[in-house]
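Using the hints provided, position chains R and G relative to the given structure of chain Y.
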Amino acid sequence: MAVEVLVIGGGMAGTAAALAARSAGASVLLVSRGPGATALSSGAADVAAAGDAPLLEAARTVARRPGHPYALLADLDGALREGLLLLRALGYAGPGERNLWLLSPLGCPKPAALAQPFIAAGDLRALSRDARPAVVALAGAQAIEARLQQAGLRRLFPQAPERPLAADFYTQRTDALRGVPEMAADLDARRERLADALRRAVRNSGATHLLLPTMGLEPEPIDAGVPVFELLGAPPSVPGLRLQRQLVKALQATGVELRLGEITPADVPEAGAMVLATGRFIGGGIRSGATLTETVFALPAYAGERRSLPALPGEELFAVKAAGRHAGFAAGLRIGPDLRALDAHGRPAFFKAAPLFAAGAVVGGYDQSRDEGGLGAAAILGAAAGHNAAAAVLGARRASA
Amino acid sequence: MKSFDLLVIGGGVNGTGIARDAAMRGLSTCLVEKKDFAAGSSGANSGMIHGGARYLLFDAKVTRLSCLDSGYIQRIAPHLLFRIPFLIPVLPSGHELFDQAYLYGVECYFEEYDRYQPLKNGKPHTRLSDQELHELEPGVVQGTVGAVSMDEYGIDPFRLCTLNARSAAEHGADVRTHTQVTRLQRQDDIDSDSHYQYWRVGLEGPSGSEEARARVVFNAAGPWAPKIAALGGAELKIRPGKGVHVTLDRRLSNYGIVCRAIDGRDVFVMPHEDSCIIGTTDDDFYGDPDELSVSQDEVEYLLQAVERTFPSVRQARILRAWAGVRPTLWQYGPLEDRLSRDHKIYDHGGGFFSIVGGKLASFRAMAEEAVDTVSRALSKGGRCETHKTPLPGGEAPAPAAEELSRQHDVPAFAAARIAYRHGAEAPRVLALADERPELRALCCPCEGVTFAELEFARTREFAAGLLDLRRRCRLAMGVCQGARCIGPAAALLEDLSQARELLDERWKGQRPVLAGDGLAQAELLQSTYFGVGALQNEGTAPWR
Amino acid sequence: MMRRLLALAFLAWRAVVLHPLRALLAGERGKQRFLHNYAPEALVPYSAADRAALLRFSGCIQCGLCDAVCPLMPQLPLTEWRGPSLFAVAYSRATPELPNLRTPLRHLDRCGTCRACQDACPRAVPLLDIFAFTRRKLAEVDGMRS
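Protein chains in written order, with my numbering: chain Y, 4 to 404; chain R, 15 to 558; chain G, 10 to 155.
So that you can see chain Y by itself, here it is in the shape it has in the complex (with noise of 0.2 Å):
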């Protein structure tokens, strides 16, 4: 056969496969379309979030939840341990056994697992009460949307400065139509200037951390008198971009092939096991036709019990309000304890005799928006799927050699 180990889908999950499989031995292809949601990632590692409990004690809680992926995993310590490795081996920072503190985009306090390291670095947790952290204004959209970051910092640290500063990084008026991406690009090529300008900033405010959109595409630390740590990004994401950057790398360095372009059943490569981490509906692994389907291979696709998203009265599957709990954003694929997609008949799924699994949020269950696990999960679930991948595929070989 070609090729052992087939991933489709290159975002997290299927990175993470590809690598566990890679790492168990198998030889890997994996084949991607192009970026999906994990190019939109903000730069945290969601694992799970019930509280402020401990991650694993967390990720138990989250695993209850019915449908939710983690209740299949033999082993959740195991693949929780495994997950957050290949992320830390991606860069990814945090203490690990509890949960990360991050400052959100919209001011509120927002949990992570790990997260990128000079995101993970301002942890709200490692701040003093009588800190006073200040969000830097540079222009445009990004100085208005600080106002509500910094109304959210002062509200967790009384005595944060009452506005963000202003960095005279920027002097045309035009900058104002600078989005965050485009000052990553800025700060790359001008890191002194700013460093002079948050030097200013801070001598003229007392400000003890500063809080920057971005440090660049290629972060490296800033000398401005006090910490500065890079704030988590809303779309569009630079830690997305560095990550999606990061994971090709990654590949490559283990040898993993890579190839990019849609793939069909007509044209799928010969393969022992297949990988699915297509993603949802970003991603493009999920339809919501008449029925929810996954769209490579046609397998069903469930919204909790249902396998339809039109709802009849009383059956919704999206609450009224926009923060309520929707099972439709949980759909996907089910899968078996391995972590096998599942057919129609509630049976292990395979591809022309090879087994099927399944990772991301191509996996129905969880909500990536309720603290039920992001990435961290795509991470945990990909390298759990990649491993039994691998051991199927070794497992055969062994026994036929």
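There could be a bad hint or two in this list.
With a Cα cut of at most 30 Å, we get these calculated DSBU-like pairs of lysine-lysine [as the list claims (entries may be wrong)]:
no. : chain 1 : residue 1 : chain 2 : residue 2
1   : R       : Lys75     : R       : Lys522
2   : R       : Lys49     : Y       : Lys324
3   : R       : Lys251    : R       : Lys358
4   : R       : Lys241    : Y       : Lys324
5   : R       : Lys522    : R       : Lys16
6   : R       : Lys251    : G       : Lys40
7   : Y       : Lys324    : R       : Lys522
Treat the hints as calculated values from the structure; they're not laboratory data.
Treat the numbers as computed from the prediction; the structure is a model and nothing was measured.
Coordinates of chains R and G only, in the frame set by chain Y:
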């Protein structure tokens, strides 16, 4: 206690129109609106200024006046009107002779309508063969008998009401939004100073309770008119009719297409600003006009109707479904569709009046009639000038978008949309960005909304929060339905609670139509506000 | 009752006499007159090819990834070029807007169709087709006006 000649209750197109006319005629006027301009029926209709072609046969006077008034509206707010050509395809019934005769009849009908079109700068009709129809609109189903074309105008009804209200204020009216009328009582005694009889009014607004008095009270509360009438001790019956519309993400065509629904009603799909609107239904409504929702059945009814004539509608991206209530004149017996669309002014005695019915397009004439009535009751007031005096922004053509873009350093698309929404006032709006550079940034890319425009609406156009700003500037009304812009707009107001309200309001319209691209957009919205945004954790500090 | 009869009679008069008379004397008919009426206001028809393309343009969720990878972004003033995303989510929505957008559309000349935007799009929005569509329609609008 403040004294007024006239208190107008209701900030829809009629209320704001009446307040404007009255203020311009020198009457001391107070306009009270419980939520925001066009928050009721005036903000949930098809957004058309049309000449009443349906009355042509048996009520040509109405048609003439409607066309005349449409012409006036064009004159006083030229920047707000955009032309919508309509195609009226005739689908075969099975009897060829009948079909040909029918098409001929339709053509003669609109040829008659042509006589009135010049009153509103409308174009003459055309008659199109099946082939010509498909050359102009290949998306229409094959095998038609032919089609007739005519045109009407579309308008942004929120801007219209806002401009009316601003004009009223500019002429001295006391305009209050987010203010409810809690009490309405006629005083029996005559005031010793003025020798007038007054109505005592209890008002509940953002700054607390207040009392005022007015010689005449005009109830223009639309679906809430019976409630207001009851407050004043009068009985008023209306026959509320719910109408549902669906908005598509872009213009599928530059021409409106009239389609026949499964029950024989006419439904249309038409371009409206940068989207398409499909509408509408007409069903008796017995519920609370503050709690309107759209069922999937209603959406399916509309889509099925359009699909029969314009099949590719099923592949379009639906942004939302929304509903409004028509305050139709009371009649027991006729089907909803057959009810009269006429308006009526009720005199409840003692200087208390109500206005019910009518259409968006006839608001100015209705207001004129209303203020004539008030004027008579007060023996006061000059001549109506509302048909001649431009609304704010209508005094001159808007500057060219590219010019605005260059002068004020804003993106060209934003300049174009500001020019549409604000006309000659566009430079005033953009001047805010000259004072504060960050305001030139785009808040909502898909509708071209800059922070400057939001700030202008907040400070000069009575917009109190994000829900109001949505109506003024089309914030969150575009493709993203708020995914991209609600956070930044809340940041401008420094108020997250408003973000929640607008998110819920936008969500309400998306729920019945979540599918395909809209679903992916909603997934991103959830992630932005509740994933990375963590809005649900606002004000908490769980680690302490 | 009388009024209705009169109205119908007048319609009949129009149908039998006035209309055929006008038809004899009228100049432009049908499609010609329609275009003459409306095309000068940028209300141009969509061809079948336009419509087929248009229905694939709706995938944009405004994530901004295309703007972040567009090589023209750092080169052009932000008032004139805000990246590919606005083509998907604003410019291609209504042809009457296009005459206001000459400057961004002119910059498409510098778009070397490098495909970075299309490759970066999570929803596979056909951005290059959208660019072509907007240029095509603006050219049509200009053509119909002259």
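Structure-based check of each hint:
no. : hint                 : verdict
1   : R:Lys75 to R:Lys522  : 41 Å, violated
2   : R:Lys49 to Y:Lys324  : 21 Å, holds
3   : R:Lys251 to R:Lys358 : 12 Å, holds
4   : R:Lys241 to Y:Lys324 : 28 Å, holds
5   : R:Lys522 to R:Lys16  : 40 Å, violated
6   : R:Lys251 to G:Lys40  : 48 Å, violated
7   : Y:Lys324 to R:Lys522 : 7 Å, holds
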